[in-house]
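Novice: Those protein sequences? They're chains A and B, same order as listed. Take -2 as the starting number for the first sequence in this note's numbering and just add one per residue. Take 591 as the starting number for the second sequence in this note's numbering and just add one per residue.
Keep in mind the hints are simulated off the structure, nothing from the lab. Hints may contain errors.
Calculated cross-link-like contacts (lysine-lysine; reagent style DSSO-like; alpha-carbon spacing at most 30 angstroms) [to be verified]:
#	chain 1	residue 1	chain 2	residue 2
1	A	K55	A	K83
2	A	K18	B	K840
3	A	K119	B	K807
4	A	K83	B	K840
5	B	K641	A	K13
6	A	K6	B	K807
7	A	K119	B	K641
Please read these numbers as outputs of a predicted model, since none were measured by experiment.
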Amino acid sequence: MSKFSQEQKEYQEFVKRIRPKPPYLQNMVMAFLVGGLICAIGQGILNFYVFLGLERTKEAAGATSATLVFLGAFLTGLGVYDEIGKRAGAGSIVPITGFANSIVAPAMEFKSEGYVFGVAAKMFVVAGPVLVYGITSSVIIGFIYYLLKL
Amino acid sequence: MALKKLGNQTVKFQNPPSIIATASIVGPVEGQGPLKDYFDLILSDFNFQEKTWEKAEKRMLKEAAEMAIKKSGVPGNQIEYFVAGDLLNQIISASFAARELGIPFLGIYGACSTMAEGLGLGAMLVDGGYADYLVVGTSSHFCSAERQYRFPLELGNQRPPTAQRTVTGAGAAVISSKNQNPRITYMTTGKVIDMGEVNPNDMGTAMAPAAVDTIVKHLEDSNRSPEDYDLIITGDLASVGKDIVERLLKEKGIDISDRYTDCGLLIYSPQQDVHAGGSGCACAAVVTLGYLFKEMQKGRYNRILVVATGALLSTTSVQQGETIPCIAHAVALENL
């Protein structure tokens, strides 16, 4: 049983036909290009760290993530990242720079409510769910992996 | 016996109260829009020399009220009520402005329909003989609304073409029993209409049926036709909602398309990056009190029906899966 009345259903059908659609193709192309560019920059940074003599999988990879997080946070602080995100969509949300943006943006915005109830409490308002379910699922997977290895 | 009542939802004022002065303040983006010359003050930034956006919004509303009172020439101590509301939780912009204005305060909430609700209630107070001078006002602020209803400003998310931009601004009007044009002649109070829309990024679609309902009721109750008005203008349906209103009314055999527009479409130019158009309490307020009021004084328009629309949702109701209840109030402004 639907929670909507016949009148409501008819209206929803009607607006579905005329509602303007987002430019999906353009959005996908932009996401592909910008997301790819961010990853390519990441690869360049990784290669640079390896060139400096860091060990590839542990040291250089960690340093690369840290550098990208810094860049994402820095561009957020400069007010540039939301301009990129407006055009690139998922292309700039999915990479680790987007994760940095999702933490720094609320931290900046809620500074007006103070450092405890503002910055600290609201910092994870966007990224929090990702952390909670990301960490939870990684623990579960790790546990399954452990049992299978026994 | 309610002598001034017509039909179920409309009031016809016996001695139509006049709007003797208005003031409008807008933010920097609205100040680049096509109506920029009609506003009294354009802010150069979002902060208005205040520390927070909420404080900036309160200051806009307070200064708009003061400016309207000053323009009216009525001594401040003769203003009997300050009728105001806004979008922020517990209508803090209005009540904090009232704290500084020191005028007896009636707080109202109709989301973005607050301007029409205020004008209508203010006119009722004056025509009822409960006041000779009062000021009504409302405000909204892009940044304070975004953080309350949506996401932090610097978050790099993408918005759909149906999204609207909350107008930064405040409008205030002094309503009086003086014999002067333009006047408030009718008010049609809207019912809460919910067509089951759930998308907070598409307010125009959610609110359009409320506007349609109120326009139909107004025409029925007042026994008027769209041709009786020079202009019918909705508050903040923007391009998506305006299109729906025209189509739904046509289905009912009412064609308003040759004299219909929306405040959310007028306030920005298509080149500005605002998606479907403007929204927020200030959208209907600054367009009505800045632009339309001045055009009525010049005589370009003599009869306007302002139908301000509001979405009565909260972030909690959206997260709990509630659909969006909407409302529209209509006030007729006329040069008699």
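Novice: Under the criterion that the straight-line Cα-Cα distance not exceed 30 angstroms, is the pair A/K119, B/K807 satisfied?
Specialist: 45 angstroms, violated
Novice: Within a Cα-Cα threshold of 30 angstroms, do A/K6 and B/K807 meet the stated pairing?
Specialist: Between A/K6 and B/K807 the Cα gap is close to 23 angstroms, so the pair holds against 30 angstroms.
Novice: Do the alpha carbons of A/K18 and B/K840 lie within 30 angstroms of each other, as the hint requires?
Specialist: 24 angstroms, holds
Novice: Do the alpha carbons of A/K83 and B/K840 lie within 30 angstroms of each other, as the hint requires?
Specialist: This hinted pair is violated, its Cα atoms lying about 36 angstroms apart.
Novice: Given the hint that A/K55 pairs with A/K83, test it: the Cα-Cα distance must not exceed 30 angstroms.
Specialist: 33 angstroms, violated
Novice: Between A/K119 and B/K641, is the straight-line Cα distance small enough, at 30 angstroms or below?
Specialist: Holds: A/K119 and B/K641 sit about 19 angstroms apart, inside 30 angstroms.
Novice: Taking only the CA atoms, is the gap from B/K641 to A/K13 under or equal to 30 angstroms?
Specialist: 43 angstroms, violated
Violated hints for the displayed structure, listed by number in ascending order: 1, 3, 4, 5.
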